[in-house]
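> Heads up: the sequence shown at position 13 corresponds to 12 in numbering that gives the first Met the number 0, and the numbers run straight through without jumps.
Take these hints with a grain of salt, some might be off.
Within a straight-line C-alpha distance of at most 20 Å, the following computed PhoX-like cross-link-like pairs (lysine-lysine) qualify [what the hints assert, rightly or not]:
#	residue 1	residue 2
1	114	58
2	81	91
3	57	114
4	91	57
Derived by calculation from the structure, the hints in this document are not laboratory data.
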Amino acid sequence: MIRSFRYSESANRLVDRLLLANRVSQAGGLEPLYQTLMLNHIQGMIIEPFDYPALDEKKIREATNVIEFNDPPVLHGLIMSKAALSPGEQEKWRALLSEMRRDGTIRRIFEKYFKPEMAAGMVNIKGGQ
């Protein structure tokens with residue numbers, strides 16, 4: 000797993016059980032995990048759906064199976080430094096991102112890198128701003 004990363008509810012339960020059994024290898028990013036998987040040094044890894052295109056790009060899908068957890072999407076956000084950005088500046092960023100989401104800009108950006116249905120899912124999360 001990627002060091003210090005948390006996933007969906009079901010994936011986190013699995014990771015916690017594997018950690019207790021001392022069956023988890025940690026890496027600083029996806030690239031080392033892909034390499035370790037392809038060298039058959041690990042049997043599986045947890046990735047987010049938005050990382051699926053890399054599986055095709057790196058020919059990993061040919062050697063693996065993807066098993067979905069089918070958990071609801073986890074809402075993500077933008078972290079802003081209180082020390083670097085005043086509350087007014089933070090609000091400007093929130094307003095900008097909300098407008099980009101409303102006018103379709105964020106979806107169009109995502110569609111450059113992901114399949115349209117995945118891009119739509121990443122933008123149309125209930126409660127997301």
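> Decide, hint by hint, whether the structure agrees.
Now the hints, each set against the structure:
| no. | hint | result |
| --- | --- | --- |
| 1 | 114 x 58 | holds (18 Å) |
| 2 | 81 x 91 | holds (14 Å) |
| 3 | 57 x 114 | holds (17 Å) |
| 4 | 91 x 57 | violated (38 Å) |
When each numbered hint is compared with the structure, a violation occurs for hint 4 only.
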